[in-house]
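Novice: What follows is the residue order along each chain.
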Amino acid sequence: MTTTEEHILEVLKGLPVERKRNHRIFLTIPREDLLKTLSILSSELAVQHLSTITARDKGNDLEILYHFLLNGVVITVKTTCPKTDPTIESIVKIFPSAILYEREIHDILGIVPTGHPDLRRLVLPDEWVGGYPLRKDWKQPAEQEAEE
Amino acid sequence: MKTPGKMLPKIMGFIFRKPVTVRYPKERLTPPATLRGKMKFHLDRCISCGLCARDCPSGACTMHEIEAKKRPVFDLDYCTFCAQCAESCPKDAIEMTAEFELAHYKKGEAIVK
Amino acid sequence: MAHVKLPIGPQHPALKEPENFTITLDGERVVDVDIRIGYTHRGIEKLMETRTYTQNLYLVERICGICSYAHVENFTQNVEEILGLQIPKRAEYIRTLFLELERLHSHFLWLGVAGHEIGFDTLFMYTWQDREVVQDLLEMISGNRVNYAMNAIGGVRRDVSQEHRKKVLEGMDYLEKRAEFYKNIALNEKTILARAQNVGILKPQVALRLAAVGPTARASGISVDIRKDDPYASYLDTPFEVITTDTNDVLGRVVVRVLEIVESIKIIRYLMEHLPEGDILKKAPRKVPEGESISHTEAPRGEDFHYLHSNGTEKPERYKVRTPTLANLPATAEMLKGTYLADVPIIVAAIDPCMGCMDRVLILKNGQEKPGELISGEKLRRYGIKWYAERGWDA
Amino acid sequence: MGRIDFLLSIVYLLLFPGFLFLFAFSLFAEYLDRKIYARIQRRVGPPFLQPFADLVKLSAKEDIVPEKAEHFMFTAAPIIGLAAIFAAFLYLPIVSTTGLHSFNGDLVVVLYLLTIPTLAMFLGGWYSGNVFGQKGGMRVASLLFSYEIPFFLALLTPALLQGSWKMADITRFEAAHPLEFIVSLLGFFIGLIALQGKLERLPFDIPEAETEIVAGPLVEYSGRRLALFRLARDAEMVVGAGLIAVVFLAGPEPILPLEPVYLSWLVAALVFLLKTLFVIFLLILLKSAVARIRTDQMISFAYQWLIPLTLVQIFIAIIVRFFGGI
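Sequence order for the protein chains is X, R, Z and U.
Here the first sequence is numbered in this note's numbering, starting from 1 and rising by one per residue.
Here the second sequence is numbered in this note's numbering, starting from 1001 and rising by one per residue.
Here the third sequence is numbered in this note's numbering, starting from 2001 and rising by one per residue.
Here the fourth sequence is numbered in this note's numbering, starting from 3001 and rising by one per residue.
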């Protein structure tokens, strides 16, 4: 239980915090107050290092995890958005390094970060027409053709 | 003043010494005995349990019915020599040798039975 | 002088792997950079969802050739955390040994590549010869020079014998002398200084804002090192220091990496002298219960981040990998602006990019043409010219 | 009698110290360059006939002229370069102290002929119609200005010392006063570095720095044209090194006072050969000990260091000439 961890937990008192082992703090928040929580993190805790953004297909909705690093402690902010309206506010204004990670989750899972300056493809080829590959219901293009 | 040519004394020394590169195949380096090269399969020890085929990450090891016995066949075109089959085999019927010169002319020729 | 748009890559002698930097030039000065990745994209994350944990061991190892062990270490730590499995002490020491041996061979490799980028081929040849010492050690212990297949879930698969320890210590003595020689060269050779000093500036606050990692950040004075901040394997009880310089330039990155070589040699010596007795592997069940875990290690290029979400079956439900090169990319674009065209390769090489690592997400599929249709050479050439013309490149 | 002289000069022109000799010598120089460079890097290095094999293979390869390229100039550039070099070689005193035809001012003619290949490289790059080629050509041009001046000045100091532009007089003068070499030692080293710059070898090989703009001016060249350019570069190295050997180390004159009775031309040629190889060896050492520097650094290096040093050298030469009263 390093000193900074106590300090972090103390700052995040009000929010649903979960701590499985040392150096790992998980935080689940609804989609609406994402920017609010992240600004708390960046202003009060001076968090600057966004390790990455992971996105996952949970069946009916999509879960997005923002992983931050503060002297060795990984703070993960989890939020979800329904498949019917897969949008999320872009956090590039607070964490500029998110610019690539948001392009990636848009590219492979179809989550649209609103307000993102440059939403081009990151890893798929420009002429990719095969849908969002990391979704569970995604089929190989060859199989898609077999179905038609 | 830092002058260029800090390497000069070192360089002069090497001009007349023997080069480090080895002219394979004329000269050969002996690989360590623990090298994971081509595998050796002991048919007698095999109990056709199929654990090796199940754990093979690249689908190189597949079970085949030959002479009324189900047994693994290793296709070196797919194999990545990770030795997982040797480890998963409960009867140690698979053993890695240090042979690494496995070039062959046609696809499907490099099969270990 | 009209702005010339010059594409460097995806096929370019300076880039060992396909990457595209579209440089907008004003004479010799770089005005703007646009980076396009995805050329070595193999869809490893999607593939991992279709394989069992034992098979994924060998897939995650092939994300990158020179930091393959960092990925395997992350993967095994993730699975062991969810299983709640504590691996034997001796296995932890052997894992740390391999992490540091890999850092040595990666840094030596990078020193050679950086030397080649600035045209110093003699340095390139010498560093790669010394790297052979490390490669031989790795091959002796693990059976292969690159993909070591050393880790299993629950420990390590091969033991380090007494004779191996003696050879490793001998190798370290030789490498220490060579590291001294390279430090002397890197700091005093005038032509290297000319090409590396205050080139590719990355100020500390910019590095922090853009979340740069590894030697790139440490060369700008940011003391961040996962081995110290969030110790894993046996780093908690191995004494070592985090190397930082505050020159913010390519020379700083060279110095940080050379000093890290010296540090790694010290760590390896400590490990070999204090290797505890005991077994090296604890049997792990095949099915992993429902859960999620995060593991990050200090790969030679920086923080390597892995996230695993398991669903109780034999196969992971979601596996996310973020490699250090992707984290350093925004910082690279920032560094390239305002420099000379001649420095672009050395700046790009300075973050020690491993493109193979970075594009590890998805299956590459040719969208328009039906798969299996033969494209004639002429049509491919037309396609290439059209593709480049659309993007306004004057090549 | 006239016919024998005529035949002798034909032999001189075509065979011995003429084209065939230069062709063989430049291939041998390239072999030496690559072999010693490899051995310094503890590699094995190419076999003896490798440069010749490269040349033959290249000339047999397909020779593409890009659509956008200006056909005539694209073909003419390598030929001009090579012709200038071969012409320059004839004036060098190899067999005897006078060379084929020596007159007052042949040193300046050789220096002039030595700049043409660099211009040919620039034209080749410019007319190749490829953006990389043009950028490489521009770099060759900017290099031209920073390395011709020190090269010219450094090579003119021995002429100053002796007071005549004729290479024959210079070599005879230097053979008579061996201690003159110490006076023009600074000029010798500047000439060496400037030659390395002229030949675009490693520390200054910015035009075709393969890690930056592919192959610079030669990017569109292939087949016979590329073979000609490569031969021109090797020959330029030989002629440049030969020129430095003649002007600074008294060319074909054996320093030690033995007077060869017969076959004097063979001994002279051997001495010239040895001295040129010594100069080439120095170039190789310089190439393997340093990294490539940028265009702007190279130009500032030339104007801040090389040119002032040559002025110092000329000043020393004047003082020695005036006061020394040689």
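Hints may be right or wrong, so weigh each one.
Said to hold, decoys possible - To give an idea of the interface, some chain U residues facing chain Z are shown, with a C-beta separation under 10 angstroms as derived from the structure:
{"no.": "1", "residue": "Arg3042"}
{"no.": "2", "residue": "Asn3104"}
{"no.": "3", "residue": "Val3183"}
{"no.": "4", "residue": "Leu3185"}
{"no.": "5", "residue": "Leu3202"}
{"no.": "6", "residue": "Arg3233"}
{"no.": "7", "residue": "Ala3289"}
Source of the hints: derived by calculation from the structure; they are not laboratory data.
Where a beta carbon is used, it is the ideal one built from N, C-alpha and C, also for glycine.
Novice: If a hint holds in the structure, say so; if it does not, say that too.
Specialist: Hints and how they fare:
| no. | hint | verdict |
| --- | --- | --- |
| 1 | Arg3042 | holds, 6 angstroms |
| 2 | Asn3104 | violated, 41 angstroms |
| 3 | Val3183 | violated, 28 angstroms |
| 4 | Leu3185 | violated, 21 angstroms |
| 5 | Leu3202 | holds, 6 angstroms |
| 6 | Arg3233 | violated, 17 angstroms |
| 7 | Ala3289 | holds, 7 angstroms |
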